[in-house]
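Engineer: Sequence:
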Amino acid sequence: MTLALELCIRLVAAGVIGAAIGYERELRGKEAGIRTHFLVSMGACLFMIVSQYGFANADRFDAARVAAGVVGGLGFLGGGIIMKTRHVVGLTTAAGIWVTGAIGLALGGGLYEISVLCVLLLAACMEGLHFYSVKMGERQTNVVLSSEDYDSLKQAVASLGKKVTQLSWVCQEGRFRADISLLVRKRDFPVAFLDRLRAMPGVTLESMD
16 MTLALELCIR LVAAGVIGAA IGYERELRGK EAGIRTHFLV SMGACLFMIV
66 SQYGFANADR FDAARVAAGV VGGLGFLGGG IIMKTRHVVG LTTAAGIWVT
116 GAIGLALGGG LYEISVLCVL LLAACMEGLH FYSVKMGERQ TNVVLSSEDY
166 DSLKQAVASL GKKVTQLSWV CQEGRFRADI SLLVRKRDFP VAFLDRLRAM
216 PGVTLESMD
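Under the working numbering, the final residue of the sequence shown carries the number 224; numbering is consecutive throughout.
No wet-lab data here; the hints were simulated from the structure. Every residue gets a Cβ at the ideal spot worked out from N, C-alpha and C, and that includes glycine. There's no promise every hint is true.
[Said to hold, decoys possible] Distance windows between CB atoms, simulated:
hint : residue 1 : residue 2 : range
1    : 221       : 143       : 14 to 24 Å
2    : 142       : 221       : 15 to 25 Å
3    : 157       : 214       : 11 to 21 Å
4    : 86        : 192       : 24 to 34 Å
5    : 217       : 143       : 40 to 50 Å
6    : 213       : 106       : 24 to 34 Å
7    : 211       : 189       : 25 to 35 Å
8    : 220       : 91        : 38 to 48 Å
9    : 167       : 44        : 18 to 28 Å
[Unchecked claim] Pairs of lysine to any residue, SDA-like flavour, derived with a Cα cap of 25 Å:
hint : residue 1 : residue 2
10   : 178       : 198
11   : 45        : 65
12   : 178       : 188
13   : 178       : 166
14   : 169       : 143
15   : 169       : 141
Required output: the full structure, derived from the provided sequences and hints.
Structural biologist: Here you go:
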């Protein structure tokens, strides 16, 4: 096999594997899908190929520098995927793009076995742990509770326990309001959690997201 054919195979393999990872993300309705992961993986592979073979005529060169630059660029790209509003989303997709780039670098270096193993582990993580996250994990929820009685509202907030991650108080026109961010078990959301909030005496649930 000629070197040119070998390098073409590496590029194609990187693109296919990146697209496969992106397909899983697209099924979940994420912003970064097939095209993004395809480009990241193939681009990382090309950078590695260039770092290995593009400077063959140079007296001294360090292939690791190009790889380090790719890692930094992927971090910048992943940061653009993560959107912070009142809570952080997109971490898994950003991490997936980071790993996809690493797989592309490995394929560019001709490490086929390691790349395939990494893809299998990534698939097991995305699919297997996704079930756990959906059924058994916790989600960040924002609720607004109000009451004319401060003590009742304070007691209601205290009953939520250590799950509260952020709390602010407001008093307007003789009515007290608590803006609360807390962690709720996904299997309890929303039915069981709503029943619990509505059962609090003297407290009104104004909003929840």
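Engineer: Looking at the structure, which of the earlier hints fail to hold?
Structural biologist: Hints 1, 2, 4, 9, 11, 12, 14 and 15 contradicted; others consistent.
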